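**Student:** Sequence:
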Amino acid sequence: MTKTATKSNVTLVTIALFVATFMAAIEGTIVSTAMPTIVGDLRGVSLMNWVFSIFLLTNAIATPIYGKLADSVGRKPMFIGGILIFIFGSVMSGLSHSMVVLIFWRAVQGIGAGSIMPISNTIIADIYPLEKRAQVLGLNSSAWGIASVIAPLLGGFIVDHLSWHWIFFINLPIGLIVMMMVQLFLHEDKHHTESKMDIMGTTWLTIMLLAVMYAFQLVGQDPIKWQIVAACFLVTIIATIMFIRTERLAADPLIPMELFDNRTFVVQNIVVFLVSGFLIGYEVYLPDWTQGILGLRASMAGFAVTPSSLMWIVGSFLAGKLLARTSPYRIINLSLFFILTGAIIMVLIPAYTPFVAFLGISMICGTGFGLTVTTSIISVQNEVKPTQIGVATSFNTLCRTLGQTLMISIFGIVMNMTMLRGVRQTKGTSLKMMDKLINPLTANELSDKILPALRQVLYHSLHNVFVVGLILIVIAYFANLADRKNKKQRIN
Numbered sequence: 001m002t003k004t005a006t007k008s009n010v011t012l013v014t015i016a017l018f019v020a021t022f023m024a025a026i027e028g029t030i031v032s033t034a035m036p037t038i039v040g041d042l043r044g045v046s047l048m049n050w051v052f053s054i055f056l057l058t059n060a061i062a063t064p065i066y067g068k069l070a071d072s073v074g075r076k077p078m079f080i081g082g083i084l085i086f087i088f089g090s091v092m093s094g095l096s097h098s099m100v101v102l103i104f105w106r107a108v109q110g111i112g113a114g115s116i117m118p119i120s121n122t123i124i125a126d127i128y129p130l131e132k133r134a135q136v137l138g139l140n141s142s143a144w145g146i147a148s149v150i151a152p153l154l155g156g157f158i159v160d161h162l163s164w165h166w167i168f169f170i171n172l173p174i175g176l177i178v179m180m181m182v183q184l185f186l187h188e189d190k191h192h193t194e195s196k197m198d199i200m201g202t203t204w205l206t207i208m209l210l211a212v213m214y215a216f217q218l219v220g221q222d223p224i225k226w227q228i229v230a231a232c233f234l235v236t237i238i239a240t241i242m243f244i245r246t247e248r249l250a251a252d253p254l255i256p257m258e259l260f261d262n263r264t265f266v267v268q269n270i271v272v273f274l275v276s277g278f279l280i281g282y283e284v285y286l287p288d289w290t291q292g293i294l295g296l297r298a299s300m301a302g303f304a305v306t307p308s309s310l311m312w313i314v315g316s317f318l319a320g321k322l323l324a325r326t327s328p329y330r331i332i333n334l335s336l337f338f339i340l341t342g343a344i345i346m347v348l349i350p351a352y353t354p355f356v357a358f359l360g361i362s363m364i365c366g367t368g369f370g371l372t373v374t375t376s377i378i379s380v381q382n383e384v385k386p387t388q389i390g391v392a393t394s395f396n397t398l399c400r401t402l403g404q405t406l407m408i409s410i411f412g413i414v415m416n417m418t419m420l421r422g423v424r425q426t427k428g429t430s431l432k433m434m435d436k437l438i439n440p441l442t443a444n445e446l447s448d449k450i451l452p453a454l455r456q457v458l459y460h461s462l463h464n465v466f467v468v469g470l471i472l473i474v475i476a477y478f479a480n481l482a483d484r485k486n487k488k489q490r491i492n
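If you count the sequence shown from 1, position 135 lands on 135 in the numbering used here, and the numbers rise without skipping.
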């Protein structure tokens, strides 16, 4: 579907896709770094969480829509259109004068960002052969790991030397350069399609995703509004039933139900959903361990997860080699072995484990992440018709987004409940003290006598989080067993 004339064109397009992915990846972390300053300026601390939540919501909703349009209209126009919406939302976010206005434009920004990851991976599928594709997907995915390390430093620098507005304005020149490179160097056959957009399917999917993601946002808050949560889950069930019914009857469905008749397609998406849930827990809570228990600086905490980003690339390269020789079933078994090993170690290690051990764990998990995600993307692309690659890739991306979004709320509940129980059982401690403990800049304000008890509470809380993470990987392993009939089936 997409053709590039020369190797240099392919390279330039790949660079543009990497920059676009990095731009989207860095957005979440860099905003969190600047959030204290933004709240102080716009005075809306009660609405702070929605600055992040609305971006995730609209991103998830837009992802499958872009996937369908990429197949019917073309990769190039939808990718450029998504980038254009993203940078417009970025500029308007930077010009916001209140938290409500900022939240609105973050929603627009999320709609644009929904195009970047799935269409990037779809374009890579178009322009690279199988083995090389896995390597490039690994490099492209590494943008997320690199962003997690660079974003806090970049965000702090921008806020200190310019203003918080520039964390959004910086996307304008970068986005324009990406659009220009894709326009000039990505050559795509023209699309002539008479298919109509599946409006009803899109509507029911939007309602379903809004309801389920909003429910998990509420579950992560304190106190939990259970009546609203129950109502959201009821809406989710109804919308899901109506979506499936609509898609089965639609002439040109947003997500063809026939895809779910393919066992490998279903299993790969379930596995990546569960692994993505563990991944977000690992990346969010490991720094809490290194900062709150070991007392290390935030920069060192970020460095603890850096090896996983590097080994992600190695895992992707390994996936490319293995996909030509064996089945996705066996590769996922191998990848889950790496992640399971890391998860078991995280559950068993004592509180004051040396920092270097976390680097080793990060390397083990990173290899598994790279193997799993790359194998999953390529497998689902291979299991569908060429005209459905965009839809399949975007659905895989949606599963990863949902896995991270839903599980971070569950991890938060486990963390908060364990901390609350621990504080109640430990005399002279409070949740405010726990907040100070996790921040190495304020930990020195706590008494040396109370620090060991607080660190023990934090250790038990993190331990329970990683127990839940371990359960996710065990479930993923059993889910992969459902595809064992295809254990000899290779990807061609």
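Each hint should be verified, as a subset may be incorrect.
[Stated by the list, open to error] No farther apart than 25 Å at their CA atoms in a straight line, the calculated lysine-lysine pairs in the PhoX-like style are these:
1. K449 with K432
2. K385 with K132
3. K225 with K432
4. K436 with K449
5. K132 with K7
6. K7 with K436
7. K132 with K427
8. K449 with K427
9. K385 with K321
[Claimed, not checked] What follows is a set of in silico ranges between Cβ atoms, one per label pair, in the way DEER data are often shown:
10. I475 with F355: 26 to 36 Å
11. R325 with Q456: 44 to 54 Å
12. M417 with A231: 39 to 49 Å
Please keep in mind that the hints were generated in silico from the structure rather than gathered at the bench. Bear in mind the structure is a predicted one, so any value in this text is a computation, not a measurement. Using N, Cα and C, we set each Cβ at its ideal position, and we do this for glycine too.
**Student:** Each of the hints needs a verdict: does it hold here or not?
**Tutor:** Hints and how they fare:
no. : hint                       : result
1   : K449 with K432             : holds, 16 Å
2   : K385 with K132             : holds, 20 Å
3   : K225 with K432             : holds, 23 Å
4   : K436 with K449             : holds, 15 Å
5   : K132 with K7               : holds, 13 Å
6   : K7 with K436               : violated, 53 Å
7   : K132 with K427             : violated, 58 Å
8   : K449 with K427             : holds, 12 Å
9   : K385 with K321             : holds, 23 Å
10  : I475 with F355: 26 to 36 Å : holds, 30 Å
11  : R325 with Q456: 44 to 54 Å : holds, 48 Å
12  : M417 with A231: 39 to 49 Å : violated, 23 Å
The structure shown violates the earlier hints numbered 6, 7 and 12.
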